[in-house]
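K.L.:
Residues per chain, in single letters:
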Amino acid sequence: MMGKLLSEGPEWTFELIERYDREIARIAANYGLDTYPNQIEVISAEQMMDAYSAVGMPVNYHHWSFGKEFLGVERRYKRGQMGLAYEIVINSDPCIAYLMEENNMTMQALVIAHAAYGHNSFFKGNYLFQTWTSADAIIDYLLFARNYITECEQRYGVEEVELLLDSCHALMNYGVDRYKRPSQLSAEQERRRQKERAEYRQSQVNDLWRTLPTRDVAESAQDEKHFPDEPQENLLYFIEKNAPLLKPWQREIVRIVRKVAQYFYPQRQTQVMNEGWATFWHYTILNTLYDEGLVNDGFIIEFLKSHTNVVAQPSFDSKFYSGINPYALGFAMMSDLRRICEQPTDEDRHWFPDIAGSDWIKTLDFAMRNFKDESFIAQYLSPKLIREFKLFSVLDDDVQDNLEVSAIHDERGYRYIRQALADQYNLGSREPDIQVYNVNRRGDRSLTLRHTQYGRRPLAESADEVIKHVARLWGFTVRLEAVGEDDKVEITHECEIEA
Amino acid sequence: MTQVIDRRLNGRNKSAVNRQRFIRRFKAQIKRAVADAVSGRSIVDIDNGEKIDIPDRDMSEPVFRHGSGGRHEGVHPGNTDFVTGDKIKRPEGAAGGQGGKASDSGEGDDDFAFQLSREEFLELFFEDLELPDLVKTQLAKMVDFNSVRAGHTSEGVPTNINVIRSLRGALARRIALRGPHMKRLREVNDELTALQPPPVDDEEESSPHRLELEEEVIHLRQRIKSIPFIDTFDLRYNNRIKQPKPTTQAVMFCLMDVSGSMDEERKDIAKRFFILLYLFLTRNYERIEVVFIRHHTSAKEVGEEEFFHSRETGGTVVSSALKLMHEVIRERYPLSEWNIYAAQASDGDNWGDDSSTCRDLLLNKILPYLQYFAYVEITPDTHQSLWQEYQRVAEACRHFAMQQLEGPADIYPVFRELFRKRVA
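Listed in order, the protein sequences are those of chains A and B.
Just so we're aligned: the first sequence equals residues 881 to 1379 in this note's numbering.
Just so we're aligned: the second sequence equals residues 13 to 436 in this note's numbering.
Quick caveat, the hints were computed from the structure, so don't treat them as lab data.
Among the hints, erroneous ones may be present.
Stated by the list, open to error - Sample of chain B residues at the chain A side, in silico, Cβ under 7 Å: (1) VAL16; (2) ILE17; (3) ARG20; (4) ARG31; (5) ARG33; (6) ARG83; (7) VAL87; (8) HIS88; (9) GLY168; (10) PHE245.
C-beta: ideal position from N, C-alpha, C; glycine also.
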């Protein structure tokens, strides 16, 4: 037994990391995890903060907001208000995972299992990532983006580019195709086509705004029609293609921000699943290491200590409560799935007839590949977990004086709570639904956005500022109208620009 | 499959550019904070970084979000005693949700605080200020030399002999010159031992060859011995060359009137002005000395503490301070080594006809030595004779500046005015 131990003390060395990695890779393969090749990079805490503030990307363009992020992280870290997350992993091929040099061997092994095998296999397997991102091209694309933006800064001034980026960032969440399948990113093509595209785009825009004399009634009737024909959900895309005054390089930058937003879109939709999956696998893999006698008691106790911290879920009335911890929920759900497969109860057979008693590895793999948070919760949150978490839902309606507890963890409430929780992870309801509704092509060229209200929820004050950013990009007056549940339309925000 | 890479030696400051961008972006707010910070500091710790608070709203990155109101449902963990249908009072001020959900921007309402490094702090503080005549000084003052090492030479004075180098050279030379002789010597010795040992008693019977060889041994030994242990050729000297040394030290004279008419408040204003000047100089010089001269009817050089805090009564003779300053310069601060600055603070009072003496002193004895002389008059009243005389000095000399201060709020603008960048 003793001879098999991979390491004794807490110190890590490159040799040890490689040895652990070999073992973890072997176990992961036994469990059927399919991963991109790994690139494990050892970095210092400072570099970790750098990586943090560049939204985790190894290359990114320069912008003050990243500097602000860095200062914030640095301050909180120095005050001890936060530990640095022990891992950052990048959805790329090879998959880049960072290890911090300050960590001991146990933590390094934990991070390797969590990031380099857990997240990695999720990136490679989940349908959202497969559809929306191309792991082999992202680094190249970001490099292209940074060089392009730097070039623009030199040519047009830092200030000018910064203002444009500010405006784009304000709309970043509205720069994604939610329903349409995107074209793949490729830096090579980007470079080749970028110039071509710029010219083409400009010509299209000119075409759109060309003022032709009205020839007959039919044509003017045509003009009365909406432009765009259908409301457009991707604001940045619409602006990139149609904003009348943007110069080609500005369109390109809008495109860059849009592409980056698109790249991160799947991550925002799979927080619970992604973290749950990675946490489940580091837990399973490291325990297997222990079972095989490759690590000692000290190792596993230390691992369990940090694991328990990660998956802790404070109650709603705790001062540490800040919403549901995606690690906790995700890990619990993944473990619960395994339990349902291996030791189903009657309740499980009733709720999950198709998976109770099935092969857990296959079931988990299926769940990982084919869902996002919303559907994953709607599909797999079991009554047992609802009881364990003691979940309850609260209805907050501003026409009522009081909040109302709409369901708790009892027989009547399971389905209700499951649906409410799934809905909470639905980006469609979490973010206001705002789409391009109309462009006044004949008159003042104003742009009208339409906010379809969800549960009568109004926009936060920040909308005033955002509208100004939209107007800056559009170049003419921008209006935002809200459609309530009763289909009444009223203009809520407006930023006028003299045409 | 897996590649492990050590990136720890890669650049640490990847975010430096973004940090600069951030500071550039919020320059206006940061500068305001810097100005506030200066008024709150004492001369001792002025030279640090500064914690900067910027109101969060000034630097938010707006996005479309749901505001409070409307109807929405939240799921929370940890229910203990609620049952379906319970009514709960809406928590104060958090109608948009419960607990931490309310702040989905990820940041609280607090100000955004961060630490400005010392360099950044001073940079911002002294932006668009110019040290008067600094450039001229540096060019003109290159008279001082530093002697620095510059390798070795084969010529020099005995005191500069580098023993190690010289002996090493000698050793090498000896080995090189000895080489062929030593080789021959070994051969001859080998040959000798190869021959029959000589008969003990009869010398004549030694073979001629043997004698020849023995003679050669003696000859070779002499040759080897005659190689000198050290030769002038071996000597190496430490080489020193002279490098012009720009003067990077400055002395700052603080002159202040401490007569009865200067109350604590005025002294405080003067102090802040001196702090600013001191700070400003630290930006440009490696080493700075400060000389405090206070005066009423007679002048005295004192320490900082006494300078700012002791009180005197009586009249005022400004020229006494100027005389003392002149003496101090002559005794301790040779022009070749020091850049000299002076700042004088007074309430404008002066003894009768002393003002014209001051003017003469300044013009003839002091100003020719100085880089800059700044005079501030702390008074809300009309000017007296000193101001008028000084005005004449200012007309004659470009590096003499004067301004009037009325209250603490004036200090910074006046300081900036005094040292503002002059467009050539």
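K.L.:
Run the structure past the numbered hints and jot down the numbers of the failing ones, going up.
P.N.:
Violated hints: 9 and 10; rest satisfied.
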